[in-house]
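Student: Each chain, written out:
Protein chains: 2
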Amino acid sequence: MPTEKLTILENILSANDQLAANIRRLLDQNGIYALNIMASPGAGKTSIILKTLDSLKGIARVGVIEGDTAAVTIDSDKVINAGFSAVQINTGGNCHLDSSMIEAGLKQLPLDNLEMIIVENVGNLVCPASFDLGTHARVLIASIPEGDDKPYKYPGMYRDVDVVILNKIDLKPYVNFNEDYFRKGIELLNPGVSFFPLSCTSGEGFLPWMEWIKGKLNSSS
Amino acid sequence: MPTEKLTILENILSANDQLAANIRRLLDQNGIYALNIMASPGAGKTSIILKTLDSLKGIARVGVIEGDTAAVTIDSDKVINAGFSAVQINTGGNCHLDSSMIEAGLKQLPLDNLEMIIVENVGNLVCPASFDLGTHARVLIASIPEGDDKPYKYPGMYRDVDVVILNKIDLKPYVNFNEDYFRKGIELLNPGVSFFPLSCTSGEGFLPWMEWIKGKLNSSS
Chain A
1 MPTEKLTILE NILSANDQLA ANIRRLLDQN GIYALNIMAS PGAGKTSIIL
51 KTLDSLKGIA RVGVIEGDTA AVTIDSDKVI NAGFSAVQIN TGGNCHLDSS
101 MIEAGLKQLP LDNLEMIIVE NVGNLVCPAS FDLGTHARVL IASIPEGDDK
151 PYKYPGMYRD VDVVILNKID LKPYVNFNED YFRKGIELLN PGVSFFPLSC
201 TSGEGFLPWM EWIKGKLNSS S
Chain B
1 MPTEKLTILE NILSANDQLA ANIRRLLDQN GIYALNIMAS PGAGKTSIIL
51 KTLDSLKGIA RVGVIEGDTA AVTIDSDKVI NAGFSAVQIN TGGNCHLDSS
101 MIEAGLKQLP LDNLEMIIVE NVGNLVCPAS FDLGTHARVL IASIPEGDDK
151 PYKYPGMYRD VDVVILNKID LKPYVNFNED YFRKGIELLN PGVSFFPLSC
201 TSGEGFLPWM EWIKGKLNSS S
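From first to last, the protein sequence lines stand for chains A and B. Residues 1 to 221 in the numbering used here are what the first sequence spells out, letter by letter. Residues 1 to 221 in the numbering used here are what the second sequence spells out, letter by letter.
Isolated chain A, as found in the complex:
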């Protein structure tokens, strides 16, 4: 029985990865750079995406794919109200996006009119880590109030990302958070990963993150 379950999981993952490779090829053909944004619920994914979109005005045209477990449009409404293209994916209770959902989402975006796509995954520090979505980089957003022990407790997520953003640094004075311990946990799992401590509320630290994105857009164009 466990062998059977393992084989099924492997097949699902392998089909997902093949489709992800096709998606990456399609995006490359259109000159589109794509990010997969992951985080636990409430770390600030949508806020950071909105602020990033705002900073990219006049620099790159960006489409957003919003993943949620429920049939809500809270996040995509925010993006559309801010004047950008957005597609909402309802995972039907599922705990992560997969590449078939991204394939469906891309069909609703004007690909020949975009330089960048940002995917906001379901808020979850476990399941999304296993699914390549065909993006070019994976970004994990942590936040100060979540606590400094998360790299140790969710290593599968911290191990495989290209960027770690530490959000809500404006709340540091009010909570107990040891940044050395947090950084040490990340370095053990993912040495040299790009790291951006910032506050989406105050704007502190946002500039280096934007420079990182602009560097990626320049090298992919």
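What the hints contain is simulated information worked out from the structure, not anything from laboratory work. Quick caveat: nothing in here was measured; it's all calculated off a predicted structure. Backbone N, C-alpha and C fix where the C-beta goes; we use that ideal spot for every residue, glycine too. Heads up, a few of these hints could be off.
[What the hints assert, rightly or not] Here are some chain B residues pointing at chain A (derived, C-beta under 8 angstroms):
1. S40
2. D68
3. V72
4. N124
5. L125
6. C127
7. E146
8. K150
9. Y154
10. G205
[Unchecked claim] To be clear about the criterion: a stretch of chain A counts as covered by chain B if any three or more of its residues have a C-beta under 8 angstroms from a C-beta of chain B, and this derived list gives those stretches:
11. 39-46
12. 63-74
13. 147-159
14. 169-175
15. 182-195
Following the hints, put chain B in place on chain A, whose structure we already have.
Tutor: Same frame as chain A, now just chain B:
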């Protein structure tokens, strides 16, 4: 293919629920009241459990089962260092506890010497909602910095719990959180659910939560 996957999931859930019913019977025979504590990562599960254990000293002997995706003992060490019985369950990367893991954990606890068991689930607002662990009540811990839209975005979790704790109310002055909107979301999904806003750091609001637990312990003994 989707039908096959659905059938397998149904079988797993049905086996889980049967085992959960057996666990609840075993706990009842031993006069033990059990809670399943769920939350997103960093909402304050371990802190609230530690403070609850402290408040129950001299009132009830409590054992704790700690679930983590990785082979770490951060949480169980904290409980043991505070002088209580704790078992650490490593889910092997899995995103939730199931009743077979609880069955294994219970074998390591002195059941005839306990009045209560607290299970700390994996930090996740999606997957743990589907798995009965054989406990008597499900407690969801939300927290102010996570934001007020979580009931709308994770309805599967908010719909099926017996208690919602809103932790970190001491951070209210520093973040944008509309408690009316949050409460309205909960009421739509789960009318009349027990609700305890509190701060584990300042202790504010902790007493009503302890009274709720004491009421459950009295009626189950």
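Student: Give a verdict on every hint.
Tutor: Hint check:
1. Because the closest C-beta pair between S40(B) and chain A is about 4 angstroms apart, less than 8 angstroms, the hint holds.
2. Hint on D68(B) holds. Least Cβ distance to chain A is approximately 6 angstroms, under the 8 angstroms limit.
3. At about 5 angstroms, the closest approach between the beta carbon of V72(B) and any beta carbon in chain A falls short of 8 angstroms, and the interface hint on this residue holds.
4. For N124(B), the suggested interface contact is upheld, since its CB lies about 6 angstroms from the closest CB of chain A, less than 8 angstroms.
5. Hint on L125(B) holds. Least Cβ distance to chain A is approximately 5 angstroms, under the 8 angstroms limit.
6. A cut of 8 angstroms between beta carbons decides the hint on C127(B): the least distance to chain A is about 5 angstroms, and the hint holds.
7. Using the Cβ-Cβ criterion of 8 angstroms, the hint placing E146(B) at the interface with chain A is satisfied: the shortest such distance is roughly 3 angstroms.
8. About 6 angstroms separates the beta-carbon of K150(B) from the nearest beta-carbon of chain A, less than 8 angstroms, and the hint is met.
9. For the restraint placing Y154(B) at the interface with chain A, the shortest Cβ-Cβ distance is roughly 6 angstroms, inside the 8 angstroms limit, so the hint holds.
10. At about 17 angstroms, the closest approach between the beta carbon of G205(B) and any beta carbon in chain A exceeds 8 angstroms, and the interface hint on this residue is violated.
11. Evaluation of the coverage hint for the region 39-46 of chain A: fulfilled, as 3 residues show C-beta separations to chain B shorter than 8 angstroms, against a requirement of three.
12. A stretch counts as covered by a chain when three or more of its residues have a beta carbon under 8 angstroms from one of that chain; for the region 63-74 of chain A and chain B the count is 5, and the coverage holds.
13. For the region 147-159 of chain A, the stated coverage by chain B holds: 8 residues have a C-beta nearer than 8 angstroms to a C-beta of that chain, and at least 3 were required.
14. Judged by the Cβ-Cβ criterion of 8 angstroms, the region 169-175 of chain A is covered by chain B as claimed, because 4 of its residues qualify and three suffice.
15. With a threshold of 8 angstroms between beta carbons, the proposed coverage of the region 182-195 of chain A by chain B is violated, since 0 of its residues qualify and at least three are required.
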